[in-house]
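From first to last, the protein sequence lines are chains A and B.
Counting with UniProt numbering, you get residues 1 to 440 for the letters of the first sequence.
Counting with UniProt numbering, you get residues 1 to 440 for the letters of the second sequence.
Calculated from the structure, these hints are not laboratory results.
Computed from a prediction, not measured in an experiment: that's the story for all the values here.
Among the hints, a few may not be true.
Said to hold, decoys possible - What follows is a list of derived Cβ distance ranges for each label pair: (1) B:A257 to A:A20: 42 to 50 Å; (2) B:P287 to A:A199: 43 to 51 Å; (3) A:R206 to B:R326: 39 to 47 Å; (4) A:A223 to B:R326: 49 to 57 Å.
What the hints assert, rightly or not - Chain A regions said to be covered by chain B (calculated; three or more residues, Cβ under 8 Å): (5) 45 to 59; (6) 106 to 119; (7) 156 to 170.
Note that CB positions come from ideal geometry on N, CA and C, so glycine has one too.
Read off the chains here:
2 protein chains.
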Amino acid sequence: MTLDRTHDVHTRSWLASANASDGDFPIQNLPFGVFRRAGSQEAFRGGVAIGDQVIDLQAAAGSGAFTGLAGQALQAASHSALNALMAMGPEAWHALRLALFDALADGATGPAADALRGALVPQAQAEMGLPSRIGDYTDFYTSVHHALNVGRVLKPDDPLTPNFRWLPIAYHGRASSVVPSGTAFHRPMGQAMGPGAAAPQYGPCRRLDYELEMGFYVGPGNAQGRPIAIGEAESHIFGMCLLNDWSARDHQFWEMAPLGPFLGKNFCTSVSPWVVTMAALAPYRVPFTRPADEPQSLAYLDSAANREAGGVDVQLEVRLQSPRHRAAGHAGDRLSATSFRHQYWTLAQMVAQHTVGGCNLQPGDLLGTGTISGPTPGEAGAIVELSRGGTQTVDLPATGETRTFLEDGDTVILRGWCARDGRARIGFGECRGEVLPAVG
Amino acid sequence: MTLDRTHDVHTRSWLASANASDGDFPIQNLPFGVFRRAGSQEAFRGGVAIGDQVIDLQAAAGSGAFTGLAGQALQAASHSALNALMAMGPEAWHALRLALFDALADGATGPAADALRGALVPQAQAEMGLPSRIGDYTDFYTSVHHALNVGRVLKPDDPLTPNFRWLPIAYHGRASSVVPSGTAFHRPMGQAMGPGAAAPQYGPCRRLDYELEMGFYVGPGNAQGRPIAIGEAESHIFGMCLLNDWSARDHQFWEMAPLGPFLGKNFCTSVSPWVVTMAALAPYRVPFTRPADEPQSLAYLDSAANREAGGVDVQLEVRLQSPRHRAAGHAGDRLSATSFRHQYWTLAQMVAQHTVGGCNLQPGDLLGTGTISGPTPGEAGAIVELSRGGTQTVDLPATGETRTFLEDGDTVILRGWCARDGRARIGFGECRGEVLPAVG
């Protein structure tokens, strides 16, 4: 990932709201999503977030002010999902990023800048949709701290399965139930087996959890039977988002032997609406290292570039806003905070592993990282870890409430951002969802 | 499932090839698929198999000879995938079935019969595509005999997980790598851990297997958060096919703790091209019973209709054709034969379970039954069962070869049919695939 003028922290935009030092969407970010005017029945169309506005990419494309490869990419980004843009690959993405950056920069004049000035819609008036038509959704399990936290609850003496340090574990998730941030869902019904019970009980989930994850969208992808080598993997990643893989722990633990999670995970998965491109994240890439006494990556999962800059330093936090918080106008208590840099496997390794047997990835497919937990207890990415399997309460100081699992009416809010002195802040916005009572 | 004139065994077609007593596609069957002329670059379009011909549904729709609900269903079936037809539901499916049946019956005259006479394409000249754009693919695990056979290899003392008799176990599969019968695939590369080894090895799969399954396609489906009750489940099933869930056992066994199969299953899944409708299968429904000393279904998985006729008596067989068989012009040795009637859970129970937590099924989604094995050793639906985990050889009498797992160049052929005295034979055709050498 090379740095270029789009990463220059000193460049400001003619749009004042883009220049706030604590904003998620400065001119150096330019994340993509799809939107329509809230309350309308308009078709969804591509948009780019800048400051407190959305650039309507369909309007921008219609202006004819963008030409060449950037113009083609803009056209591809103007539909109701971004699959066509994602399919174009890094050269086209780069051309469009440069063109948008230049036209948004302070002092920009000419048809492109005029077109963008005429294509702004306030984010407060936008309803966001799913960024892509997701063909398949895969969820990985790449945080060793999460795996250890969960494993210690289930098997204290042997918390980590032997394969964990050798390959990025994953399972196939459910694409149809991925929803954009802000979509509420009903507490799921299902079977659970109580400790010592002779028969399972059918009823509402009693151990409802969230999972702090990041997601990433596939770019061009590969043909079936043609794996993506690790050295090529990053060119197949369009960008990243926040992801909450809501989990019904009681249902999951009863159903998952021997074939893995099913109903425990497929009732709802929430994603943040803005996809932050890998280009925007370039200043925040960090080395990927393994402790010397642990297995090093097999050759097909190893590359110099991956070792040098395979990680991404994204700051993450989870908040819980109960009905009482909401009634008091409070944004919710922070349950945990961590960074994505602690992951045991990188995005490139996940892509290489996913395809090594010949499985085909398609533009717009969604891959999740698995729950992201850091090395200390306050960095755990799921409430089952914070409450040690429901045996300890988690405090909500602002309201004096406690939780072991989620209750009806609770809203969980994920936030993520990259920030460091001398670099532009790159924000992900938020991913939120509310638990509605069970229907059943 | 009520019987009507379309199930009358005495009705013959004006198309002579449809009247062969051992044919898969008599007038009482009328399975749906998508096709184009082999070797052409035409768009795929809907078709119905009759005798040795395909009815081109786009041509039939274009004739204007079919009106009303049948005409609308025909229009929906004329596209490059059958999702729109599947979405219409049983009333429309029934109207189209009646209209096609009447126009194909011996002695039929008038514009509809003329339109079908003009819309015939020989099956020998047709290239078949995937019947639907599959949004999500789910694979169940509903044969107790398969679960016991596999479980005895892994855990002789405790072969069945405690949840097996309480719910139809399932996992999410990979939709992108589902291919139509006849598509060859490369032996997958991946990691496997040898017995007693200190580190896994990366290389070509050494324990490649097939899985004899049936698949079924979702009809109208449900909104997220709105489960399909078991009493309604059958109206959400369009029809059934043969399915081979190719499996890399060495990769699978290494990777699958704790989240289930991933690369071991996602390199290729083959389906037969013709979807046999639930209406065509109505004469072959059989009671669904449980031994009295085993857990009976919980209320949400139970209904009188399901007990009376939840099963389907489909005869199934697996053949293996090695390169030597092929060189000798031999169709391959039969490895096993069984019936779908032995399953521990029904299609309706699978639909009810899949949606009970709120997961949404969409028109065209594919659900697999899991490997189908019958109660005796010769009825096992995977070679890992026949070879007892690779410890015994399986004979191929026609060539004098043996197998423990699949070798490069092997073709596996699944066939299925319903047949009983006094009823029309309802065939599924075949599902075949060839193993190509690894690329790596």
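Verification of the supplied hints:
1. B:A257 to A:A20: 42 to 50 Å: Given a distance of about 48 Å, which is inside 42 to 50 Å, the answer is holds.
2. B:P287 to A:A199: 43 to 51 Å: Because 24 Å falls outside the window, the suggested range is violated.
3. A:R206 to B:R326: 39 to 47 Å: violated (57 Å)
4. A:A223 to B:R326: 49 to 57 Å: Because 26 Å falls outside the window, the suggested range is violated.
5. 45 to 59: violated (count 0)
6. 106 to 119: violated (count 0)
7. 156 to 170: holds (count 7)
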